[in-house]
Amino acid sequence: MEACGNRPPATVPALEARRLTLSWDGGSHVVARDVSLVVGKGELVCLLGRSGCGKTTILHALAGLSRPLGGQVLLRGQDVTGKAGNVSYMLQKDLLLPSKRIIDNVCLPLVLAGVPTAEAHERAKPLFERFGLAGCERLWPSELSGGMRQRAAFLRTYLMGHDVVLLDEPFSALDALTRADMRSWYCQMSARLGISSLAITHDVDEAVMMASRIYVLEGNPAAGVPSRVAAEVKVPVAREGLSAAEFALMPEFLACKREVLSHLG
Amino acid sequence: MPSRAKRMLVPLGTLLGLLLLWQLSVQLGLVPNFLLPAPTQVLAALVREAPLLASHALTTLVESALGLAIGCAVGFVAAVLMDRFEPLYLAFSPLITISQTIPTVAVAPLLVLWFGYGLAPKVVLIVLTTFFPVTVSLVSGFRSVDPDLLDLMRVMRASGLQVFWQVKMPAAAEHLFSGLRISATYAIVGAVIAEWLGGFSGLGVYMTRVRKSFSYDKMFAVIFLISALSLALMAAVDLLQRLCLPWKRAERK
Chain A
38 MEACGNRPPA
48 TVPALEARRL
58 TLSWDGGSHV
68 VARDVSLVVG
78 KGELVCLLGR
88 SGCGKTTILH
98 ALAGLSRPLG
108 GQVLLRGQDV
118 TGKAGNVSYM
128 LQKDLLLPSK
138 RIIDNVCLPL
148 VLAGVPTAEA
158 HERAKPLFER
168 FGLAGCERLW
178 PSELSGGMRQ
188 RAAFLRTYLM
198 GHDVVLLDEP
208 FSALDALTRA
218 DMRSWYCQMS
228 ARLGISSLAI
238 THDVDEAVMM
248 ASRIYVLEGN
258 PAAGVPSRVA
268 AEVKVPVARE
278 GLSAAEFALM
288 PEFLACKREV
298 LSHLG
Chain B
1036 MPSRAKRMLV
1046 PLGTLLGLLL
1056 LWQLSVQLGL
1066 VPNFLLPAPT
1076 QVLAALVREA
1086 PLLASHALTT
1096 LVESALGLAI
1106 GCAVGFVAAV
1116 LMDRFEPLYL
1126 AFSPLITISQ
1136 TIPTVAVAPL
1146 LVLWFGYGLA
1156 PKVVLIVLTT
1166 FFPVTVSLVS
1176 GFRSVDPDLL
1186 DLMRVMRASG
1196 LQVFWQVKMP
1206 AAAEHLFSGL
1216 RISATYAIVG
1226 AVIAEWLGGF
1236 SGLGVYMTRV
1246 RKSFSYDKMF
1256 AVIFLISALS
1266 LALMAAVDLL
1276 QRLCLPWKRA
1286 ERK
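The listed protein sequences correspond, in order, to chains A and B.
First residue of the first sequence: 38, per our numbering; consecutive thereafter.
First residue of the second sequence: 1036, per our numbering; consecutive thereafter.
Looking at chain A on its own, in the form it has when it is part of the complex (with noise of 0.2 Å):
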């Protein structure tokens, strides 16, 4: 199990988020005022908040899924503010549907873009084995543990096809070991496809742990205080090559998490 390597951001943003204003429902109710953050090439960014601060709302607005009251989105320098289909999302529920079997589930985005299911088995097959899902095909989302679930879903999302990744909570509905070995797996994964991911957590350790860069939200919009960027936190770059309970224990990653802490507030 190994520690993350961190990733320069390259020049040209995988993905940016100007100034989002959002609503939770649409409604007049604003949850976050004037977000702006930028995920590099390659690179693997967490934004961090407490439960409730409207976390989500923002991965739904970058996914596309709702449309911001003010702001924009930008992918590859395009922009794809409130349009679907463009990047892959991942949630923290598996999602698989209980009536296909693990290769249709991941199929799924493949066949539902018109791929003849011949030919999306034929694409989905080599890659059981570098999921680590190897003789799973025929079984049953039931008949998989969680880890193994979560790792079907993250094959599905690898075949949607997009190199931005878009995380929500991913590894939080797993229990703590296969949660550490999942995220370990997560950072080499994304690293060898070139994926640029950007995920949600409340946990400062799986951000500290992860990202190469942790933005802080700081706001209770249930209170009627809107959620803004608190910080940008840089995590230090000293953890190549460590396993994840060496770096845990590295004066640097505490400082890191102290500094996260301190904009928690």
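If you're looking for bench data, these hints aren't it; they were derived computationally from the structure.
Source: prediction; values computed, not measured.
Among the clues, some could well be false.
Computed cross-link-like contacts, BS3-like style, restricted to lysine-lysine with a CA-CA straight-line distance of at most 30 Å [to be verified]:
#1 A:K78 / A:K137
#2 B:K1283 / A:K130
#3 B:K1041 / A:K137
#4 A:K130 / A:K120
Chain A side only, calculated, beta carbon under 7 Å to chain B, not exhaustive [said to hold, decoys possible]:
#5 P135
#6 F168
#7 P263
Heads up, the beta-carbon is just placed ideally off N, CA and C, and yes, glycines get one too.
Take the given structure of chain A and dock chain B to it, following the hints.
Quick look at chain B alone, frame taken from chain A:
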């Protein structure tokens, strides 16, 4: 959790015990035989009347099958429309519930009056009673789909039709089958009630005839037959469910 054998044997034993009690109470003269035939007498009547019962049962089964098929089709269309168009759901869901509080025996004579003594009033009555469980179970099945899953489908650019067949229909299928089980029993009972109130053949017609001639053994024979037919139809629905929802077997393991 009791074993499979236990779950089969205990109710079967109870049934046999009750039949034995019934047999003894008639044979010992605790109940006058002209009021209550013994199970053996019922069985004898069933065998004796088999050819006649078979022809009446055929009529009832045809009516039930036809009514159930139309009822399911109507129920399916109603459910899809109510799911697709929220105003239709708001407008009709209370009305559909109210329609089910109207007693069948009150509607059946009207249907006979309007549609005559043939097949039509029976089929209409069955459609009226069977579409309700199908509609209600399907609508609740459609609504049981996780909104996050619908978002995920949007991210994958799924069309409305794709969402329906890939997500909504499989999610509703399980609900549908529990509704269909109820509908299947309603179908047989509905046919018998409609025949009872007017017709030329069918188990309900047979019932009115044997009742008028005070042949209680035949009366019980036909009751047993109707139960058996309902059970067989429910078993057929269960079989269909196992074939259509293969993933449910994996979930139970």
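With a cut-off of 7 Å, does the beta carbon of P263 of chain A approach a beta carbon of chain B closely enough for the hint to hold? violated, 23 Å
Per the CB criterion, is F168 of chain A less than 7 Å away from chain B? violated, 18 Å
Given the hinted pair K130 of chain A and K120 of chain A, is their alpha-carbon gap at most 30 Å? holds, 23 Å
Measure nothing beyond the straight line between the CA atoms of K78 of chain A and K137 of chain A; if it is 30 Å or shorter, mark the hint as holding. violated, 34 Å
Restraint: P135 of chain A near chain B, CB-CB cut 7 Å. Satisfied or not? holds, 6 Å
Restraint check for K1283 of chain B with K130 of chain A, where alpha carbons must lie at most 30 Å apart: holds, 20 Å
Holds or violated: are the alpha carbons of K1041 of chain B and K137 of chain A at most 30 Å from each other? violated, 33 Å
Violation of the numbered hints given earlier is confined to hints 1, 3, 6 and 7; the remaining hints are satisfied by the structure.
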